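Residue numbers (the working numbering), protein chains in the order written: chain A, 23 to 356; chain B, 23 to 356.
FYI, nobody ran anything at the bench for these hints, they're computed from the structure. Please read all numbers here as calculations on a predicted model, not as lab measurements. One thing to keep in mind: the hints can contain errors.
It does not matter which identical chain is meant; a pair holds if it fits inside one copy or across any two.
[Unchecked claim] Below, simulated PhoX-like cross-link-like pairs (lysine-lysine); rule was C-alpha separation at most 20 Å, straight line:
| hint | residue 1 | residue 2 |
| --- | --- | --- |
| 1 | Lys-281 | Lys-297 |
| 2 | Lys-95 | Lys-210 |
| 3 | Lys-210 | Lys-298 |
| 4 | Lys-272 | Lys-156 |
| 5 | Lys-100 | Lys-46 |
Number of protein chains: 2
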Amino acid sequence: MKTIAIDAMGGENAPKAIIDAVNKAKKKMTNTKFILFGNEDEIFKFLKKEEMGQQIEVVNTTEVITDSDEPVKAIRRKKDSSMVVAARYVKEKKADALLSLGNTGALLACGIFIVGRIKGVDRPGLMPTMPSEKGDQGFNIIDVGANAQSKPEYLIQWAEMANFYAEKIRNVKNPKVALLNNGAESDKGDPLHQQAYEMLAKTDLNFIGNIEGNEVMTGKADVIVTDGFTGNAALKSIEGMASVLLHMLKDSLLNNGLKTKIGAALAKPALNSLKKRFDTARHGGAVLLGIDAPVVKTHGRSDERPIYYTLLQIDKMLDQHLVEILRERFSKSN
Amino acid sequence: MKTIAIDAMGGENAPKAIIDAVNKAKKKMTNTKFILFGNEDEIFKFLKKEEMGQQIEVVNTTEVITDSDEPVKAIRRKKDSSMVVAARYVKEKKADALLSLGNTGALLACGIFIVGRIKGVDRPGLMPTMPSEKGDQGFNIIDVGANAQSKPEYLIQWAEMANFYAEKIRNVKNPKVALLNNGAESDKGDPLHQQAYEMLAKTDLNFIGNIEGNEVMTGKADVIVTDGFTGNAALKSIEGMASVLLHMLKDSLLNNGLKTKIGAALAKPALNSLKKRFDTARHGGAVLLGIDAPVVKTHGRSDERPIYYTLLQIDKMLDQHLVEILRERFSKSN
Chain A
23 MKTIAIDAMG
33 GENAPKAIID
43 AVNKAKKKMT
53 NTKFILFGNE
63 DEIFKFLKKE
73 EMGQQIEVVN
83 TTEVITDSDE
93 PVKAIRRKKD
103 SSMVVAARYV
113 KEKKADALLS
123 LGNTGALLAC
133 GIFIVGRIKG
143 VDRPGLMPTM
153 PSEKGDQGFN
163 IIDVGANAQS
173 KPEYLIQWAE
183 MANFYAEKIR
193 NVKNPKVALL
203 NNGAESDKGD
213 PLHQQAYEML
223 AKTDLNFIGN
233 IEGNEVMTGK
243 ADVIVTDGFT
253 GNAALKSIEG
263 MASVLLHMLK
273 DSLLNNGLKT
283 KIGAALAKPA
293 LNSLKKRFDT
303 ARHGGAVLLG
313 IDAPVVKTHG
323 RSDERPIYYT
333 LLQIDKMLDQ
343 HLVEILRERF
353 SKSN
Chain B
23 MKTIAIDAMG
33 GENAPKAIID
43 AVNKAKKKMT
53 NTKFILFGNE
63 DEIFKFLKKE
73 EMGQQIEVVN
83 TTEVITDSDE
93 PVKAIRRKKD
103 SSMVVAARYV
113 KEKKADALLS
123 LGNTGALLAC
133 GIFIVGRIKG
143 VDRPGLMPTM
153 PSEKGDQGFN
163 IIDVGANAQS
173 KPEYLIQWAE
183 MANFYAEKIR
193 NVKNPKVALL
203 NNGAESDKGD
213 PLHQQAYEML
223 AKTDLNFIGN
233 IEGNEVMTGK
243 ADVIVTDGFT
253 GNAALKSIEG
263 MASVLLHMLK
273 DSLLNNGLKT
283 KIGAALAKPA
293 LNSLKKRFDT
303 ARHGGAVLLG
313 IDAPVVKTHG
323 RSDERPIYYT
333 LLQIDKMLDQ
343 HLVEILRERF
353 SKSN
């Protein structure tokens with residue numbers, strides 16, 4: 023049986039949304055156990071004892087890491103927090119994977135300092151799966167902020183790990199791997215990106231060269247490699263732009279008189295289908311690749327649905343033995 | 023009389039769109055002369071001799087720098103190209119400012135190597151004015167790609183120059199200046215951004231601290247400072263996301279049956295008003311700040327309208343003596 027350790031106290035809708043997602047997921051993931059870490063009084067407000075069965079366990083914890091906590095300090099001081107205790111269960115092999123909606127920095131710290139890195143991986147990278155213009159398939163982008171400073175070697179390792187993820191979890195054949203850079207030509211960028219380009223070209227990856235920011239969302243690449251600082255700025259800029267545009271669109275449609283309102287009502291199914299095509303939930307959460315177990319962050323604002331998909335994603339990572347594959351790969355090269 | 027040197031051969035719609043814009047602008051800018059550089063046979067296909075009057079002059083050139091030319095080589099080899107000859111006119115004080123829709127890298131090279139830097143400015147930065155969610159006012163972001171590698175001192179100079187631009191050209195009182203970083207706290211980022219933060223906090227600027235990618239388009243800051251690599255990725259990601267979303271929106275509205283089509287037709291004025299609120303043309307082109315004359319790049323795909331606004335923008339930069347103010351400022355500090 024697989025076991026997922028779940029920080030039940032992280033995120034804006036905790037613990038209810040998390041419990042709802044687990045109750046839904048357990049029916050599909052019949053060979054998986056879910057351990058919920060958190061304040062048991064809070065948890066049992068939403069979890070009925072008769073729902074627990076063999077698949078759900080609750081571990082009472084007395085502290086919570088908040089978004090304003092300084093990550094490394096928090097995991098040292100709040101030793102009985104839901105996130106830290108969940109991470110310890112993974113470290114001690116009492117669970118196979120870790121899910122949290124809480125403080126991203128603290129989850130990174132839990133991954134690195136409690137669960138630990140895969141041997142041979144220099145630095146873990148944070149990797150979401152994003153929807154693209156092309157639709158269903160989406161793409162992976164790594165690193166989007168686990169590292170403020172990067173070396174070319176990190177980028178190569180991230181590319182290799184994300185390539186395995188795209189193949190095994192998203193079923194992409196021979197994933198197209200690209201480097202986010204400030205121009206198409208091979209000599210573009212600063213020394214970090216020039217060197218990363220050269221090194222990527224020498225790997226066995228299906229490296230298609232540089233792509234620029236404006237191509238990120240087109241689906242041209244299945245895996246986009248970037249340093250954590252640039253990746254963070256690019257991803258957040260994309261999210262910000264999408265949010266501003268959709269907000270302005272809504273505002274335009276609602277505040278331009280009756281005729282527009284009627285038009286908006288008639289066009290609503292189309293607007294909803296647009297939303298569906300741009301579904302960020304379906305691919306699950308952002309994976310901290312390079313950690314010695316699946317460690318996944320779902321957005322703090324998530325309701326039940328993205329959490330449910332993240333549970334499916336983790337289940338697939340366990341079924342496909344992704345971490346074992348990465349362990350094997352990096353034990354050879356280092 | 024002010025004189026603007028115009029590369030009439032750059033961009034997809036050259037020379038027609040450029041000539042149309044000049045013909046429109048000359049009526050408003052009655053104290054300005056426009057010198058068009060390019061193949062005169064081409065130019066006189068669209069420019070009637072009787073339209074020229076006192077305000078338009080044509081200088082015949084025999085070469086054109088294309089987008090695929092390597093910038094520095096191109097400006098060395100194509101000495102009789104429209105862009106290079108126009109830049110030389112500015113250097114020789116036969117013109118006060120330079121406008122091109124051509125190869126951005128070559129225009130940067132013309133600015134740096136032919137026109138020259140303002141004394142005391144280490145590196146020029148490329149700075150567009152972008153529309154924001156807040157509407158009319160927009161914001162400046164610098165550098166968006168003139169420099170692949172940056173030092174903290176460059177960022178401080180860019181912030182100061184952009185601040186003058188926001189004050190004098192966009193009439194923003196006490197512009198709010200922010201640093202694009204990977205978190206809100208003052209210690210966020212790599213050493214480059216940590217140091218830039220410290221230095222910005224010590225200036226007289228109205229420095230409001232770090233902003234993240236998702237806040238770029240909100241209008242929270244009037245001036246956003248960033249290193250050229252990150253700025254390039256963020257800006258292009260924003261443009262790419264906007265283009266993908268609008269494309270998908272259009273597709274959804276047109277390909278979802280008759281009811282949706284009717285709805286879209288009814289809502290069209292609202293959708294157009296959205297487009298207007300997000301008008302990237304009205305603020306003109308991207309300025310190469312730090313060059314010893316206004317050097318402005320307008321998008322290669324521009325039709326008449328953005329070029330017209332760029333001419334107004336350049337006129338205002340000349341009227342407000344922006345370059346003289348920067349010269350004065352940087353002669354003191356260095």
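Hints, one by one, checked against the model:
For a Cα distance limit of 20 Å, the shortest separation of Lys-281 from Lys-297 across copies, 18 Å, qualifies, whereas the shortest one inside one copy, 23 Å, does not. Taking identical chains as interchangeable, the C-alpha atoms of Lys-95 and Lys-210 lie at most 20 Å apart only when they sit on different chains, with a minimum of 16 Å there against 39 Å within one chain. Proximity of Lys-210 and Lys-298 under a CA criterion of 20 Å is satisfied in neither setting, with 36 Å inside one chain copy and 35 Å between copies. In this assembly of identical chains, Lys-272 and Lys-156 lie within 20 Å of each other by CA distance solely across copies; the values are 15 Å between and 24 Å within a copy.
For a Cα distance limit of 20 Å, the shortest separation of Lys-100 from Lys-46 qualifies neither inside one copy, at 30 Å, nor across copies, at 67 Å.
Violated hints, listed in ascending order, are 3, 5; each of the other numbered hints is respected by the structure.
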